[in-house]
Amino acid sequence: MMSMLSPRFARDVGCRADLMWRCDLEDPSRSSAFVDTATTDEFVAVPEATRMGVAVFEEPVSGHRVVVVLRTGRVQVRLDALTPADTRAREAQRVFERLQSVEAP
Amino acid sequence: MNFDIDAARLHLAEHEMDFLAGSPVVAHCHHFNLFWDQTMDDALGEEAGRRVRTVAAHKSSYRLLQSLADEVGATTPVERLRLAGGVFSAMGHGKLHLAVGRNGGLVRGEQLHYGFGWREKYGGTLTRSAPADAFATGFSAAATEVAYGLDPGSLAGNEERCIVDGSAGCNIRVSANGAEPLLPLGVDPQSARDVLPPPFDGLYEDQIGPVVSGLRDFLSGVAGDERGVIEAFGVLVTAHLADYYNHAANDVLEIIARDKPHGVEAFRGLLLEAGQSCAFHTFGGVLASPEWEGMVGAPTGDPLEVVIGCVSLARAFGFGRWAIEEFEPGKRLVMTSPGTYESLFSRLISADAAQGPGGIFVGAGIGIMQLAHDVTWVPRPSIDGALYLELARTNPWHVEQDSSFAGGDVLDRIVVTRR
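If you read the protein sequences in the order shown, they are chains C and E. Under the working numbering, the residues of the first sequence are numbered 1 to 105, in order. Under the working numbering, the residues of the second sequence are numbered 1001 to 1419, in order.
Treat the hints with care, as some may be off.
What the hints assert, rightly or not - Rough simulated footprint, nothing fancy, chain E against chain C, three-plus residues with beta-carbon under 8 Å:
hint	segment
1	43 to 56
2	68 to 74
As the list claims (entries may be wrong) - Some chain C residues well away from chain E (every beta-carbon gap over 10 Å; in silico):
hint	residue
3	7
4	27
5	29
6	36
7	39
8	40
9	87
10	90
11	91
12	93
13	97
14	100
15	101
16	103
To be verified - Under the rule of at most 20 Å between Cα atoms (straight-line distance), these lysine to any residue pairs were calculated in the SDA-like manner:
hint	chain 1	residue 1	chain 2	residue 2
17	E	1121	C	82
18	E	1095	C	82
19	E	1121	C	80
20	E	1121	C	81
21	E	1095	C	80
22	E	1121	C	85
23	E	1121	C	11
24	E	1095	C	84
25	E	1121	C	17
26	E	1121	C	88
27	E	1095	C	81
28	E	1121	E	1038
29	E	1260	E	1351
The hints are simulated quantities; they were obtained by calculation from the structure and are not laboratory data. All C-beta atoms in this analysis are idealised placements derived from N, C-alpha and C, irrespective of residue type, glycine included.
Could you build all of it, start to finish, from the sequences and the hints given here?
Here you go:
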């Protein structure tokens, strides 16, 4: 399997209380392809937030969002604000692993 | 009830100010909102500070809700309470369940912005017993009065339970009040048009304009979700009543001037620091966000780029038409504005306009220069409390306001220089 994401996953700048995490696409020029491939039943597009050069999709069951900067390939996992504090790091890692499974088309 | 906040919003484009049913609104994040409330408490003490903040919320909310009910034709108590709950959530303040009658009642709050924001920001490191939701408390009292056609100040709110102390939820009791009636004075669009001088351009308008347009386009779609939470740029955002901040600061200043006149300058210093905090947390947080990176590009470390970004943000957030008169990297920044949401209030409402509060515009001048020169943008910085304290400790910048619209001058003007 060929993941589109770099393996590094860490708290993002401005992260408050473990709610924002960052990873990056190996190839920023494939941001749109990543968004298209990642948008499935598990992650649905959030059209009203998809502007200003970012694409946003959401895991409906948890409310967690994934923000992709299309021109740089920065990917931010933005956990739902009501996620219990003691589960945040684990939840972020789970979402990241799910995103890692998105294979290059 | 879902409330369409954009439909009720009036944008005074020439002055970069926004009004909701005639009341000025600005965007501020939870970092600043908590800092502002703490500033009032630092000046007066926790109990008196909370009282002033609650009254400020009551006055500003009454004015908003009465106008809103009139505008949309909500006439019955049920309609008016639904409307109040809807606009509260749409503004990003959380969710209110208003179980009230004409004599008051109990209001249950969920995800109330201040309590929720405090718990997120400080809950892991600090303990607190004093309730945090003065805005929701004053708002609840005002909503009940407007719903039942009561005079402002005939009821009062008291937050009996708040999640900051570990409680499961927030409860606000609204009951009859023996205190004096309130005067819900405030700024309105017509008086703003009448008194503000014609807008003028500063430097780099060709770069500021498109960014402001892009930000406004983005913000036009931002409103509280079904829980009353707005998350944007990675922070909790509110579309807040500008006159909440203005009434609170004005009332605190009046109390200090009356009871401890030697403390006035110290309070002004606190307000200035609130402005610094706003620039650092709100502007800095946005500049580091994915949304900014997508629209403008991640900051490269060029000071001018940061200054332009911050001025654009101030305009898009409804602070006023801030402009760059001069900028010399590493040395000097001169910013002007025909008026700001603070100085406009002082000029129109404050009993002694020349002494009226202010601080965001002035303090932000320092914060902007810190962001432009003292933050390492590449690789990306952590815009967090530790960096804020470090910058405060090593701050090389000094600011002077040499023209005050509140004090009768033709505009607001600040000069920031290196010490």
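Hint check:
| no. | hint | verdict |
| --- | --- | --- |
| 1 | 43 to 56 | holds (count 6) |
| 2 | 68 to 74 | holds (count 6) |
| 3 | 7 | 18 Å, holds |
| 4 | 27 | 17 Å, holds |
| 5 | 29 | 15 Å, holds |
| 6 | 36 | 17 Å, holds |
| 7 | 39 | 17 Å, holds |
| 8 | 40 | 21 Å, holds |
| 9 | 87 | 14 Å, holds |
| 10 | 90 | 16 Å, holds |
| 11 | 91 | 15 Å, holds |
| 12 | 93 | 19 Å, holds |
| 13 | 97 | 20 Å, holds |
| 14 | 100 | 19 Å, holds |
| 15 | 101 | 22 Å, holds |
| 16 | 103 | 23 Å, holds |
| 17 | E:1121 x C:82 | 13 Å, holds |
| 18 | E:1095 x C:82 | 14 Å, holds |
| 19 | E:1121 x C:80 | 15 Å, holds |
| 20 | E:1121 x C:81 | 12 Å, holds |
| 21 | E:1095 x C:80 | 17 Å, holds |
| 22 | E:1121 x C:85 | 12 Å, holds |
| 23 | E:1121 x C:11 | 16 Å, holds |
| 24 | E:1095 x C:84 | 19 Å, holds |
| 25 | E:1121 x C:17 | 7 Å, holds |
| 26 | E:1121 x C:88 | 15 Å, holds |
| 27 | E:1095 x C:81 | 14 Å, holds |
| 28 | E:1121 x E:1038 | 13 Å, holds |
| 29 | E:1260 x E:1351 | 18 Å, holds |
Violated hints for the displayed structure: none, as all numbered hints are satisfied.
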